[in-house]
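Those protein sequence lines, which keep their order, are chains A and B. Sequential numbering from 1 applies to the first sequence in my numbering. Sequential numbering from 1 applies to the second sequence in my numbering.
Any given hint could turn out to be false.
Said to hold, decoys possible - Reference listing, derived: stretches of chain B covered by chain A, where coverage requires no fewer than 3 residues with Cβ under 8 Å from a Cβ of chain A:
{"id": "1", "segment": "36-42"}
{"id": "2", "segment": "60-69"}
{"id": "3", "segment": "87-95"}
{"id": "4", "segment": "113-119"}
{"id": "5", "segment": "139-152"}
{"id": "6", "segment": "172-179"}
As the list claims (entries may be wrong) - Selected chain B positions facing chain A (Cβ under 7 Å, derived; list incomplete):
{"id": "7", "residue": "Asp81"}
{"id": "8", "residue": "Phe134"}
{"id": "9", "residue": "Gly168"}
{"id": "10", "residue": "Ala169"}
Simulated from the structure, these hints should not be mistaken for lab results. Keep in mind it's a predicted model, so treat the numbers as computed, not measured. Cβ atoms here follow ideal geometry from the backbone N, Cα and C, with glycine treated the same way.
2 protein chains.
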Amino acid sequence: MSTKTKNAGAPDTRARIIRAASALMQRQGYDGTGIKQIAQQAQATLGSVYHFFPGGKQELAVAAIHHGDREFAEELSAALDADDDPAAALTALCQDLAAGLAASDWPAGCPITATALGPAGRAPDIQAAAAAAFARWRALVHTKLRTAGIPDPAAHDLAHLTISTIEGAELSAQVSQSTEPLEIAGRYLAQLVRAAR
Amino acid sequence: MSTKTKNAGAPDTRARIIRAASALMQRQGYDGTGIKQIAQQAQATLGSVYHFFPGGKQELAVAAIHHGDREFAEELSAALDADDDPAAALTALCQDLAAGLAASDWPAGCPITATALGPAGRAPDIQAAAAAAFARWRALVHTKLRTAGIPDPAAHDLAHLTISTIEGAELSAQVSQSTEPLEIAGRYLAQLVRAAR
Chain A
1 MSTKTKNAGA PDTRARIIRA ASALMQRQGY DGTGIKQIAQ QAQATLGSVY
51 HFFPGGKQEL AVAAIHHGDR EFAEELSAAL DADDDPAAAL TALCQDLAAG
101 LAASDWPAGC PITATALGPA GRAPDIQAAA AAAFARWRAL VHTKLRTAGI
151 PDPAAHDLAH LTISTIEGAE LSAQVSQSTE PLEIAGRYLA QLVRAAR
Chain B
1 MSTKTKNAGA PDTRARIIRA ASALMQRQGY DGTGIKQIAQ QAQATLGSVY
51 HFFPGGKQEL AVAAIHHGDR EFAEELSAAL DADDDPAAAL TALCQDLAAG
101 LAASDWPAGC PITATALGPA GRAPDIQAAA AAAFARWRAL VHTKLRTAGI
151 PDPAAHDLAH LTISTIEGAE LSAQVSQSTE PLEIAGRYLA QLVRAAR
C-alpha cells in the first residue's frame, strides 16, 4: 500500500471508529461498551483503534460525545430552520424524535446521555465534552427564539427548558416505550414559546 | 445463632443489599456495578447476596429500581403535600432536587435512570420496573393536579410533562454541573400549572 493510499484511507478508518463508538455507547453506555466491540463494528483492527486513540476508551468516549454533539446539533438546526415559528418547529422536532425512537425500538435516545452518566461522566474531559454539547444545543434554540423576537432572559430560560424537557421526554419515552412523553413535551414547549412571543 | 436471631437479621441484610445495589447503580449504572462491590458496600457475603437474589445482578437491578421508585415517590409525595398550591410545591421540589444534586457533587441523580438506560434496560423485568416507577411518579403528580382543580386531559398531560422535565433537568444539571436547569424547570412548571388552573 502506498503512503498516499494509506493516508487517504486514514480519515475514513478514524471516522468509522468514532461512528462505531458513538453508536455503541449511545445504546450501551461507557461501561457496557468494549474497545474490541468498537473495532469489530468499525471493521478496524484493535491496533488501528489504539493508533488513532492512544488514550483508549476514555479518548474514544470524548470523540463519541463530540460526534453525538454535532449529529444532534445538525438535526436540531434543520428542525429549527424548517419553520419560521419556533413553536411549530419544536413541536415537529419532538414528533420526529418520537418517530425515530420508536423506529429504533427505543434504545437510540440522546447520543451522549448514556456515555456521560455513570462514573465515566466524572472524568473531566468527558464531563466537559458533554457539558459543551448541551450548551451548544441550548445556544441553537436560544438564537432561534431571539430571532423570533423573544427577549432575554425569557429566551435564555426557554432554551434551557427546551433542552432539559426534550432530554427528559426522550428518557421517559425510552423507559415507557411510548411516544406520548415526546408528543406532550412538544405541545407544552410550543405553548410556552407562544406565550413568550 | 438461633433460628430466631437468624430470621430477625435476614430482612436487615436483604434491605442492606438492596440499598447498596440502588446507591451504586444510581451512580454507576448497571454495567459499571459488580455484585462483589454490592456485597462489600452492604457488608454482606457474596453467598448471602446470591441467597437473597438467586437471579444475580439482573434480579438485584429490579429490586434496586423498586427501591429507587419508592424512595423518589416518598420525596415527591412529601413535596406535593407540603403546599396546597401544586405550582409552589413543584418549584420547591425542583429547588430541593438541585440542592441535593449539588450536595452529592452531581452523581446522585434519578435513582433509576442509570440502571434503566443501556442494554440492561431492555431486559423485560428491568424495563417493566422502570416503566412502573415513572408511571407511579406521574400518578402522584396527576392526583395533586386533579385535587387542585385541574381537569383532564390537562392534568394528565401536565403530570407527564412534570416527570419528563424534572428527569431532563436533573440530567442537564448533572452534565452541566449547575443547578440552573432545575431552577428554570421549576419556574416553568409552576407557570404551566398556574395557567391550567
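State the violated hints by number, sorted upward, taking the hints as numbered earlier in the document. The structure conflicts with hints 1, 2, 3, 5, 7, although it agrees with all the remaining ones.
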